[in-house]
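> Please model the complete structure; the sequences and the hints are all you need to start from.
Protein chains in written order, with my numbering: chain G, 4 to 589; chain U, 4 to 589.
Simulated from the structure, these hints should not be mistaken for laboratory data.
Using N, Cα and C, we set each Cβ at its ideal position, and we do this for glycine too.
Possibly wrong hints are sitting among the right ones.
Claimed, not checked - Below, in silico cross-link-like pairs of lysine to aspartate or glutamate (EDC-like), each with a Cα-Cα straight-line distance of 20 Å or less:
| hint | chain 1 | residue 1 | chain 2 | residue 2 |
| --- | --- | --- | --- | --- |
| 1 | G | Lys141 | U | Asp340 |
| 2 | U | Lys110 | G | Asp162 |
| 3 | G | Lys30 | G | Glu117 |
| 4 | G | Lys149 | U | Glu153 |
| 5 | G | Lys30 | U | Glu142 |
| 6 | G | Lys160 | U | Asp54 |
| 7 | G | Lys220 | U | Glu234 |
| 8 | U | Lys570 | G | Glu522 |
| 9 | G | Lys493 | U | Glu108 |
| 10 | U | Lys141 | G | Glu124 |
| 11 | G | Lys160 | U | Glu522 |
| 12 | G | Lys570 | U | Glu578 |
| 13 | U | Lys160 | G | Glu12 |
| 14 | U | Lys570 | G | Asp507 |
| 15 | G | Lys149 | U | Glu234 |
| 16 | U | Lys149 | G | Asp431 |
| 17 | G | Lys160 | U | Glu142 |
| 18 | G | Lys570 | U | Asp577 |
| 19 | U | Lys149 | G | Asp162 |
| 20 | G | Lys470 | G | Glu522 |
| 21 | U | Lys570 | G | Glu508 |
To be verified - What follows is a set of in silico ranges between Cβ atoms, one per label pair, in the way DEER data are often shown:
| hint | chain 1 | residue 1 | chain 2 | residue 2 | range |
| --- | --- | --- | --- | --- | --- |
| 22 | U | Thr7 | G | Lys374 | 46 to 54 Å |
| 23 | G | Asn156 | U | Gln509 | 44 to 52 Å |
| 24 | G | Gly582 | U | Arg228 | 25 to 33 Å |
| 25 | U | Ser18 | G | Glu248 | 23 to 31 Å |
| 26 | G | Glu248 | U | Lys78 | 13 to 21 Å |
| 27 | U | Thr7 | G | Arg344 | 51 to 59 Å |
| 28 | U | Gln509 | G | Lys34 | 47 to 55 Å |
There are 2 protein chains.
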Amino acid sequence: MYRTHDCGELRLSDSNTKVTLCGWVQKSRDKGFMVWIDLRDRYGITQLIFDEQRSSKELFNKAKSIGREFVIQVKGKIIERSSKNLNIPTGEIEILVSELNILNESKTPPFTIEDDSDGGEELKMKYRYLDIRRNPIKEKLIFRHKVSSEIRNYLTKLDFIDVETPYLIKSTPEGARDFVVPSRMNSGEFYALPQSPQTFKQLLMVGGLDRYFQIVKCFRDEDLRADRQPEFTQIDCEMSFVNQEDILNTFEGLTKHLLKTIKGLDIDKFPRITYDEAISKYGSDKPDIRFGMEFGELNSVSQHKDFNVFNSAELVVGISVPGGNTFTRKEIDKYVDWVKRPQIGALGMIYVRCNEDGTFKSSVDKFYDQKDLGNWAKITNANKGDLIFILSGDKNKVRTQLSALRLELAENLNLRNPEEFAPLWVTDFPLLEWDEESKKFHAMHHPFTSPKLDQIDLLESKPEEVKANAYDLVLNGNEIGGGSIRIHDKNIQSLMLKHLGFSDEQAKEQFGFLMNAFEYGAPPHGGIALGLDRLVAILDGQESIKDYIAFPKNNSGKDVMINAPSKLGDDQLDELSLGLRIKSHE
Amino acid sequence: MYRTHDCGELRLSDSNTKVTLCGWVQKSRDKGFMVWIDLRDRYGITQLIFDEQRSSKELFNKAKSIGREFVIQVKGKIIERSSKNLNIPTGEIEILVSELNILNESKTPPFTIEDDSDGGEELKMKYRYLDIRRNPIKEKLIFRHKVSSEIRNYLTKLDFIDVETPYLIKSTPEGARDFVVPSRMNSGEFYALPQSPQTFKQLLMVGGLDRYFQIVKCFRDEDLRADRQPEFTQIDCEMSFVNQEDILNTFEGLTKHLLKTIKGLDIDKFPRITYDEAISKYGSDKPDIRFGMEFGELNSVSQHKDFNVFNSAELVVGISVPGGNTFTRKEIDKYVDWVKRPQIGALGMIYVRCNEDGTFKSSVDKFYDQKDLGNWAKITNANKGDLIFILSGDKNKVRTQLSALRLELAENLNLRNPEEFAPLWVTDFPLLEWDEESKKFHAMHHPFTSPKLDQIDLLESKPEEVKANAYDLVLNGNEIGGGSIRIHDKNIQSLMLKHLGFSDEQAKEQFGFLMNAFEYGAPPHGGIALGLDRLVAILDGQESIKDYIAFPKNNSGKDVMINAPSKLGDDQLDELSLGLRIKSHE
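In structure tokens:
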């Protein structure tokens, strides 16, 4: 053992004990006749003291020579500090050092190892091993472990079995793009890395395992947006002999358990809302319900006058901004400009001030009287002192626009408190989704999702109206999980694949093994998958997932620390029977 | 909920309760006026009863119609069985069924879902989801979860942090062959799948995380032997500020904990043996010490007579077979033939019978007298009634041969009791290993392993003699883990890479990020990795790992169930800028 204690555990009651500590030099203060060093390890910081009187000359000079981030071992005696620091648990003591060993030297780090560091993003990624030394990153990695530990133990107690499914699987054209792995032993053939263990967990249910979970890496070769990683971690779960209600209750239980053990919060039953309701009330299938500002649809009370903008609109919809009547005209104009930015795309925005005296003042006073405006206030739940913003136009577009505005306003009004947690189930998702590009219906969740069985007849006539037994778990405006009851009947599965445009041959080629499995007694089953990276970030009150991943990739999918991906040697390519056709970027 | 109880929990004390059960039809017995069905789920089997008198006609006929592996739901009342089966926990009761719903039908499975099934290996792999329904496989997967759960909780209590390291990393030519993943976004470049998270865990130590673990999939593209999988699971661990002793104690603690909680066994301190000692005593660096049969080196007492076979041998070495004097001449000849098989490669074998009257009878009585043979018996620890087998020749070859014979004998003499557990630490492995093919030294463990620091001078003069701070954990003759103290000094790491034949440029290209990290205060650190697949199999008293993996690959690296690997579409290859150069197998 290089040490008897860590740098976070010594207290005044340990005084006079002889100890050996190891760690990194956080900083050193040299007062000439006295040197203090803050020694840091994962567990905390302990102050070391050297002075002319009590330290040997050799030791004293050695203490003066060491720099930041040197790794040292010290032996010494715990003494009471004269000037205590009550901000840290070890702040009442220091170590009077009698022996100092330099275990490793350090060059000056490219950025300071402090909570607020001076390094830019790219630099921190290149030296991620130094970034991890900083408390904010270190604490996030420890936090992640705590969350995943709680999840495993909770599910294990409920008889879920952790089963590892394979990483080298088969490529499927459905869904996102696969990462593939050439097979050397089977020349010309490829494995794919799993986008999720979906089919395997269903096969485990066919295999009778009854309850399965896995915390597992998944892979998607998609163009990366900020905060999307090519590899990500999923809490993957599946249960047999259950209906939707059982799954919602089980994973509501898990989420409550996390909120309780990790955040100390007791949350009552999670509210539920259908997809259609979420869209009409919030313009989003993952609404943030920490604050109100629900949409009020105004068609019936706004299309009876001569205002053509409203009269020609498919939807006229508004929200009340709490206390928004205090906005200046300039502030209001700023929001009008904000919704007109190309990213949002509104053509304009109407506002109504709800004065403290009960009167209204709007940008459309020319067309509407106080009674009209009063009706709008009623429908949008606006009170005296509030402000109503109204958008109009194509239903889908205008809802998306107003949803974006709603979040922007809430952000600016500090209504999105990261330490408040508002979970929500969104249910009854549409089964299919029209894709303009391919002019085909796609499975909104995935092709194994069960339609509402009483709506199967609609598959032929009105496929877009068929709802699925599919649900999302939303937390603070983020989708943290989604799942469905699966199809367990071979005929319904065939029907679904047909409606998704698979020929019999394609269906057999891609999903034959699953269809086959369904012939041998598949139980009713369903499940859910939660995104661990995001769940952990949100539980910790953060929006960005990157710092909860030890070694993340950048937006080009590169690990700049190890410099991956990289070129292969010709011999490696030969062994894999591969040739490169480098694209010329004209 | 489809059920109120599972099929394993009902007892006589639950009599008269109304229950709903779900599961698979294990078997059905039709006595004409009475039908019994064994209903199976993950948790057990419950007997259902239908009879002409108490069941409606419709229900009775339905019961008669259902076949094996149908998935059904039944409602009924718990009653006492007239003919009890005390071999199963539910054997005192049965369910008098009042309602029967067929949830899914089943074709006749390709093999029977029973403990001893009739299916061949290939068939079982193709229908793995049915194989998993069988108790032996199901129990093994549950057992694996139990072991991994215990490991996680034990290490978590010791302040180890579970950190997920990336799967898309950089290819290194050192060691085994990598699986690679073409990068679409970085045309012509490839990621590699990790053979182990070795460098990342070392970087986590440089990052100050102090104690790390992960249960993680690793990948090696090697020609597969029986019981070797292209993807396998590793319990990967690393600690800072420790020496070898600390690591051995920590993971001895883990192994003891597993033996205690999983097998109910208390094992005292694990014996330790150096690599050199293991080789000379057992001819193997992973000796099975559940039984004795240690090697006795006989050069000094066998090379003084006219027997040229021995006189010309580098090593003459024997083992005593306990009770082996009962072997017939034919049995002895069988072993002589066994060691002469090309797989073993001995030219011949000498035996000495130790008679009950204290005399000896050997196949070399022409050359050696009773005193000589007595000395041999002494050195091989042979007693009256035993038999001594002696091999001679080239030291390395003859040890390997005798080691194989030792295990074969122990197997035949039932000395390898799978329910007995004999862990062992093997320490002081050589740092380097000569590779005849490349005419180069390779790192025996890996290039980051620390040499014994007092032997660094020998690196130039006698590299083969330098020992490493490297150790293996051996259990019942299987290496279940291995690790080392790592180099944390940049200069020693450079020296090592130079001795392994890396040019400065290659070293920088391959390991630059690690060498760089070592410039910023790397702590002394070390670790270990245990093979989970094998550990679980051995703890469960089995040798083969395949059934502890839910979806294993066959010896050609294929998953015959999903038919992977498979061909890609041309569009997929185009996107990856790849071309195929199919080998013509002439």
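> Decide, hint by hint, whether the structure agrees.
Against the structure, the hints come out as follows:
{"no.": "1", "hint": "Lys141(G) with Asp340(U)", "in the structure": "62 Å, violated"}
{"no.": "2", "hint": "Lys110(U) with Asp162(G)", "in the structure": "29 Å, violated"}
{"no.": "3", "hint": "Lys30(G) with Glu117(G)", "in the structure": "10 Å, holds"}
{"no.": "4", "hint": "Lys149(G) with Glu153(U)", "in the structure": "16 Å, holds"}
{"no.": "5", "hint": "Lys30(G) with Glu142(U)", "in the structure": "55 Å, violated"}
{"no.": "6", "hint": "Lys160(G) with Asp54(U)", "in the structure": "39 Å, violated"}
{"no.": "7", "hint": "Lys220(G) with Glu234(U)", "in the structure": "14 Å, holds"}
{"no.": "8", "hint": "Lys570(U) with Glu522(G)", "in the structure": "26 Å, violated"}
{"no.": "9", "hint": "Lys493(G) with Glu108(U)", "in the structure": "10 Å, holds"}
{"no.": "10", "hint": "Lys141(U) with Glu124(G)", "in the structure": "48 Å, violated"}
{"no.": "11", "hint": "Lys160(G) with Glu522(U)", "in the structure": "46 Å, violated"}
{"no.": "12", "hint": "Lys570(G) with Glu578(U)", "in the structure": "17 Å, holds"}
{"no.": "13", "hint": "Lys160(U) with Glu12(G)", "in the structure": "16 Å, holds"}
{"no.": "14", "hint": "Lys570(U) with Asp507(G)", "in the structure": "19 Å, holds"}
{"no.": "15", "hint": "Lys149(G) with Glu234(U)", "in the structure": "27 Å, violated"}
{"no.": "16", "hint": "Lys149(U) with Asp431(G)", "in the structure": "36 Å, violated"}
{"no.": "17", "hint": "Lys160(G) with Glu142(U)", "in the structure": "17 Å, holds"}
{"no.": "18", "hint": "Lys570(G) with Asp577(U)", "in the structure": "18 Å, holds"}
{"no.": "19", "hint": "Lys149(U) with Asp162(G)", "in the structure": "11 Å, holds"}
{"no.": "20", "hint": "Lys470(G) with Glu522(G)", "in the structure": "25 Å, violated"}
{"no.": "21", "hint": "Lys570(U) with Glu508(G)", "in the structure": "16 Å, holds"}
{"no.": "22", "hint": "Thr7(U) with Lys374(G): 46 to 54 Å", "in the structure": "59 Å, violated"}
{"no.": "23", "hint": "Asn156(G) with Gln509(U): 44 to 52 Å", "in the structure": "45 Å, holds"}
{"no.": "24", "hint": "Gly582(G) with Arg228(U): 25 to 33 Å", "in the structure": "30 Å, holds"}
{"no.": "25", "hint": "Ser18(U) with Glu248(G): 23 to 31 Å", "in the structure": "30 Å, holds"}
{"no.": "26", "hint": "Glu248(G) with Lys78(U): 13 to 21 Å", "in the structure": "19 Å, holds"}
{"no.": "27", "hint": "Thr7(U) with Arg344(G): 51 to 59 Å", "in the structure": "57 Å, holds"}
{"no.": "28", "hint": "Gln509(U) with Lys34(G): 47 to 55 Å", "in the structure": "48 Å, holds"}
Of the numbered hints given earlier, the model fails hints 1, 2, 5, 6, 8, 10, 11, 15, 16, 20, 22; all others are met.
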